[in-house]
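Residue numbers (the working numbering), protein chains in the order written: chain E, 697 to 1151; chain G, 697 to 1151; chain L, 697 to 1151; chain P, 697 to 1151.
Honestly, the hints are just simulated from the structure, not real lab data. Wrong hints could be hidden among the right ones.
Copies of the same chain are indistinguishable here, so a pair counts whether it falls within one copy or spans any two.
[As the list claims (entries may be wrong)] Calculated cross-link-like contacts (lysine-lysine; reagent style BS3-like; alpha-carbon spacing at most 27 Å): (1) K1078 with K1059; (2) K905 with K862; (3) K1150 with K1043; (4) K958 with K738; (5) K738 with K999; (6) K1105 with K1078; (7) K738 with K703; (8) K1043 with K1086; (9) K1059 with K1043; (10) K864 with K899; (11) K899 with K862.
The primary structure of each chain is shown beneath.
There are 4 protein chains.
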Amino acid sequence: MFIQTIKTPGLAHLSYIVGSQGTAVVIDPRRDVDIYVDIANKNECRISHIFETHRNEDLISGAPLLAKLCGAQVLHGPHADAEITYAVTVHQDDQVEVGNLRLEVVETPGHTKDSISILLFDNDFAEGAAGIFTGDTLFVGDVGRTDFYPLESAHVAGLLYDSLQKIKACAPAAIIYPAHGAGSVCGDGMADREFSTVAHEVKNNPLLKIDDKQEFIQQKMAEQHYLPPYFSEMERLNSQGVNTSVQPKVLTPLPHNQLNKKYQQAYLLIDVRSIESYLGAHIAHSFSLPLDMITAYAGWLFKSDDKIVIIADDQHMASQAALQFSRIGYDHCEYYFSANLAEVSAKGGDFVSVSPIPASEVKSLVEQDWNLLDVRKLTEYKQAHIAASKHIFLGHLAAQLSKLNPQDKYITMCASGMRATVAAGYLQANGFDNVKVFMGSMGAWQAQDYPVEKA
Amino acid sequence: MFIQTIKTPGLAHLSYIVGSQGTAVVIDPRRDVDIYVDIANKNECRISHIFETHRNEDLISGAPLLAKLCGAQVLHGPHADAEITYAVTVHQDDQVEVGNLRLEVVETPGHTKDSISILLFDNDFAEGAAGIFTGDTLFVGDVGRTDFYPLESAHVAGLLYDSLQKIKACAPAAIIYPAHGAGSVCGDGMADREFSTVAHEVKNNPLLKIDDKQEFIQQKMAEQHYLPPYFSEMERLNSQGVNTSVQPKVLTPLPHNQLNKKYQQAYLLIDVRSIESYLGAHIAHSFSLPLDMITAYAGWLFKSDDKIVIIADDQHMASQAALQFSRIGYDHCEYYFSANLAEVSAKGGDFVSVSPIPASEVKSLVEQDWNLLDVRKLTEYKQAHIAASKHIFLGHLAAQLSKLNPQDKYITMCASGMRATVAAGYLQANGFDNVKVFMGSMGAWQAQDYPVEKA
Amino acid sequence: MFIQTIKTPGLAHLSYIVGSQGTAVVIDPRRDVDIYVDIANKNECRISHIFETHRNEDLISGAPLLAKLCGAQVLHGPHADAEITYAVTVHQDDQVEVGNLRLEVVETPGHTKDSISILLFDNDFAEGAAGIFTGDTLFVGDVGRTDFYPLESAHVAGLLYDSLQKIKACAPAAIIYPAHGAGSVCGDGMADREFSTVAHEVKNNPLLKIDDKQEFIQQKMAEQHYLPPYFSEMERLNSQGVNTSVQPKVLTPLPHNQLNKKYQQAYLLIDVRSIESYLGAHIAHSFSLPLDMITAYAGWLFKSDDKIVIIADDQHMASQAALQFSRIGYDHCEYYFSANLAEVSAKGGDFVSVSPIPASEVKSLVEQDWNLLDVRKLTEYKQAHIAASKHIFLGHLAAQLSKLNPQDKYITMCASGMRATVAAGYLQANGFDNVKVFMGSMGAWQAQDYPVEKA
Amino acid sequence: MFIQTIKTPGLAHLSYIVGSQGTAVVIDPRRDVDIYVDIANKNECRISHIFETHRNEDLISGAPLLAKLCGAQVLHGPHADAEITYAVTVHQDDQVEVGNLRLEVVETPGHTKDSISILLFDNDFAEGAAGIFTGDTLFVGDVGRTDFYPLESAHVAGLLYDSLQKIKACAPAAIIYPAHGAGSVCGDGMADREFSTVAHEVKNNPLLKIDDKQEFIQQKMAEQHYLPPYFSEMERLNSQGVNTSVQPKVLTPLPHNQLNKKYQQAYLLIDVRSIESYLGAHIAHSFSLPLDMITAYAGWLFKSDDKIVIIADDQHMASQAALQFSRIGYDHCEYYFSANLAEVSAKGGDFVSVSPIPASEVKSLVEQDWNLLDVRKLTEYKQAHIAASKHIFLGHLAAQLSKLNPQDKYITMCASGMRATVAAGYLQANGFDNVKVFMGSMGAWQAQDYPVEKA
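Bound conformation, chain E alone:
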């Protein structure tokens, strides 16, 4: 009887495979499903069932593909917003036997209407569930967001409250296995810790501690979450089921003398290297989007049908980037370009840089004619920001670009300089010639004890 957690960084997505006596079940598989088959094989198990705790909106579900590959059945909760064409609907108390294990459905709507949790019983030690897969209903330190139904926000928050009480009642001694960890766009307050129990959450989870339903509803309705535009596409795709595997298999290398010709017009050039590399030297008209920020920001800044050239340190990094894109349905990474700017330059190619500047220089420049653009989330901005700064969330930069003037001078900032560099690259690629990055950003500013404002 084994259980294994499969973490997908970037998305902070957690999926699970649990097996006993030759059979295994997968919960919430991601699109690149080989890993589940490998684990099943290693444990000499056949994957018989795949549970989806809800219709995912932040990533492509691997359930249809994995089901096809293994001859497994996909199980999905009731009340989905659109028909899940590839799955069988399960309801409260439905059970699946897996060797000496028993999985049992608990309907836990709220985050979505089709959300379920799944109790995990050991037939040999069956007094109460040993574990519970909580999907996006209950996280370590947080609970699911409830902003997906704007017209019924109080209603679904109330549903979530009831669902949480249900979990507390039916699995008080269980380990929780949620669908996301810290860093996910599906919640703000998740713990960095990867393990917890229902009992521990009851004592520590700020939202689970709330005993009053109305107070819970009000607190949930007061939350502010961003809704990336690609979510609706994920919802559409995950209803009908994506059963093609991750694309592309091969990222064709593009020689150094070819990039400047036709590709710059037909393709997005996306530089996935570290921000330090991008600041140092990058290809003209290329965007910065470091590897581990792809799943968080590609859905805001680019379109899923854009054709892409990945600029990376090496093929491995480029493949990893293509995989990240593919996990959220961006399947058109076609070429890899090796970011050896010294070589590119030595062959006559152009390069561009962006200057990173320290707090002291920012302080001095904003007193001159430079604009300071803070691209953090609104919640971060409200907690503390620099008086002279203007706020546009990085995710909104594409939509609000017309509010900025390419002739003006901009210093971008965020919490550390990461998102600021992505923003600076976005501006520069869109014709802003005077852009600098505030390195260290809010952290560096506060380390100098410079004044901040709150709102």
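For chain E, the structure is supplied; the task is to place chains G, L and P on it using the hints.
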């Protein structure tokens, strides 16, 4: 904040690494310690401390070696039977901060007098421990054995009872992280399941459910455990600390024409292939001990200073065998011999076989002049055995060999045929020429509805 | 400028990838093509062209699939027996530039009419070819077989003679890169050595040393080669091009209690473990075909549309077996069954054994009523055999089974016991109840100095 | 009979393992020897002998360590400059049998006095050597340098000439297996191609084509090679034999808030990231030395007993760097610091940048008060350089630093910008505040058709 379980099959040993913000702690490392360093590196952590929950008697501790390698400090509980020369003694409530984690010592004597458990707190969600490393005090489905102090058996069983109450009280909501899983020689009743919580154990663990101390003590004293002779050597070595790494690095291949010469006298020939292979054909005078039975039976059948030739399907299998031996302090695996018996024979070498026989044939032969030797544990034998059978536990075969007559005919049996083959090989290598293996053994016998006895 | 040899054991197939300055070319890819893409990626190259030195008859070509995957062009020689639908035809002196490399076609018909060799020039050191890909025209120690056109055997042998002279003339200083090594069914006399030069072959290769065309033709016509029935299927498939990847992706594990039911009728049970394991214990009605003999004998003993259950030590071994089958177009390995016969028996399942016997016992039994069946190649048999033996080549056993009587007693033999075990398993699965294997076979017989005959 | 080439990038070092029938021989092993053991194991061979073609001066030999590990014998040529304490001396025509292979010594002094080559014969095809290990005597496209005995330079060049004639005579049909490939400091003219034969070299190798001994000697004496200061240390260590394995096993991560305290004084901070990253942002006082330039330039710029903090993108990159250092005897890489400059800055740490500039800006700045410093090799500089530039070879920068003025402004350049960045970092770390890097350097300059000078 990550936690990772390192499973060591054979020993069914569980060790852990837990880290946060650049620092990590290891609990109960095994001798081959590279895996901890690899995980720490991957998580960009430095291993600062190593906890030993008790002085291990069934495996070589990797704590001294890992400490030397990483500059870490080893922490060990008080009241050890012998001074732990390489470790700092910690006491109840002693704490170690690891990034945003806090580890806190709970003295839990019983299994050994120096047993401790370690509470795991998340400073951000600190209301109660989120986890507890329970060593050999509390397992999933079982508790630690208490037969190591024969003169004070009631006393230490009572200590264990108190320790368990302590755990229930101080970590009711915690996940448990024990030092062993199912298959370990450190307990009989461990669950096959790899995960549990204190709360779930309280409801399901037969021994944790006992509320009466005297009843608990009586039940523990009634348990029967085997004590392999190598345990005392492990205790000695683990007190002084083994800080040489796993030996050998290189297992020299031995050509097919060399084995029959000098090696058969100076070396033990141990065939670690599947029992089916051994039955089919093996080198004369070689012992059978399949790869995953090494840690359980080598300590009974062979001496730790024996020089060994490993006979295996390939070098990889041989290296795995040498590693298994090394984990329990058998460091003299020097040669690897490829068990291609067709090749060996084609070059003029000898081979031997053992006939596996089905239940029907066993039934018929024991009515003639064949002896049926059951090598299971006494507890298994008592539950059900064949009337005509004689019992000698496999682990006692070496010591009780003189009770058997090499001129007699023996059919060996166990539960399935695995241990029976090891026993048959042991007899054959010791000059018993008429040996057969009851394939399927007790399982096959009962599948035929043949009569059994209980005792 | 790199070159890498990809060896495929079993088929003894050699393929190559050679690259320079961001571009690479593959020669004679096998069906599982990921390895070429991986090497290209690692060397930051795009695969632009794929050469086929001839239409392969012993394995599925990976050229169509790799071409589709990489957008590469497949190049094939002229005069193919059937149109190669997926390839461009190249002729003598046609060239392909690959970075600083130049590849140039040499038409070398003989083995097949469409055979080409490919010269490899380094543009910076261009005085003569540095290497030559010789396909099945010239091997290390041997030359290609010329028995594929029975009606024109002298003609094609003569073509090969001329082709070899051509190679000697145009690439005297080159390293040779042939399509097969020792163990291939495409030749008998190949050296075990993996590297050679044209100049070294001129001095050492028995057939290349022949200066007289007629003598060469006569010697080639006197050669005797076996032609496995699956060759014609390979030819058909490789003309039209197989562009599905290796099947299956997942080999479903079959629980121990299921095999005896429906599967034994609808499926071939093929046991790919070592012969020692099979001899020791195997599932009734299962065939023996050890992993590394699959590509050599599956094409003789089984049909490519048979549905197969692979019996193996573990999933990894089963997957390797399925891969071997897939390389020769056997795509119906559907299940994996773990060959733990002790477990199977303990659950009431049946097992069968085959007794291996030494030379002395063979000598004695053939003087009684046992038949001795030698399954080696005819060439081996002619060199030396036991007087009492009857010869049927293992590959012909299926076709000539009616010549044997299931009521009779058979001892199978070969050179060592490997093929003898495959033969014994084949007989046993076909209802022969009295079968033994001569372990060591001809080697063991001769080691005893027992008498042999020649013919 | 297998042969495998082990390439060590950076050093462009080639070593070999060749085996037959259970025994293998290694030629010129590098210090990290696990790879040879792994290959031997995989091929079921025991390493019986290790040949050193000469006493290496550019890397630590792994021969003593590998010999100890495997119980193998090290063989070394006669006339070594210092006694090779761990090796047996072999002479012309000495032979070693390895399965079906025979290795035979050819004394080929010149590069060093103890240089030998080793002929490789296949006993089954023994007419002439099939291969020859040529050490630093004969490369693909070049021959060994002969500047190690300044007082006898004509003499040793003559020795090399004679040795080359010997190779041509005794192995005309052989494949050559040299000890270095393109990029090595042991030669300038090596081909990028990794494979060749004696016959092909005779026709293409500029130095092997020379038929006149005096002409050869003159040409060799006219060559200019750099002699890194660490060579003498390598010679000393390789005479006595280094038999400790690569250090360190563990590179301790250094938290972001610790680097600025004590470490900057006691340690060298070496940043091994890409030059683009370094240009973008780096830790104050850190040196730039990208991963693949370590073995070429560490020996010039740093001392082997310096204690080092490796600054890298991640632990894997840091470990790779430590390995590179260790291969040339730099064993004091103690810490790893993650180069996330955004994080460092956000915690209040400092960062520094270097501006990369294009050709047009260089042209303009050198007409003002900026100095242009060309750090290429003298041979490169002589072929073409910018009139305004001053030349100091990068390797000499440490020794000639006093010739430059920290108050002056410097633009560094090389062929592309790589070495220029290393030089710029070296200047900046030594207190030069006004440093820029000419990105694209000579390549970019010439792509603009700007004027150059020769000689």
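To test your reading of the hints: which numbers does this structure violate? 5
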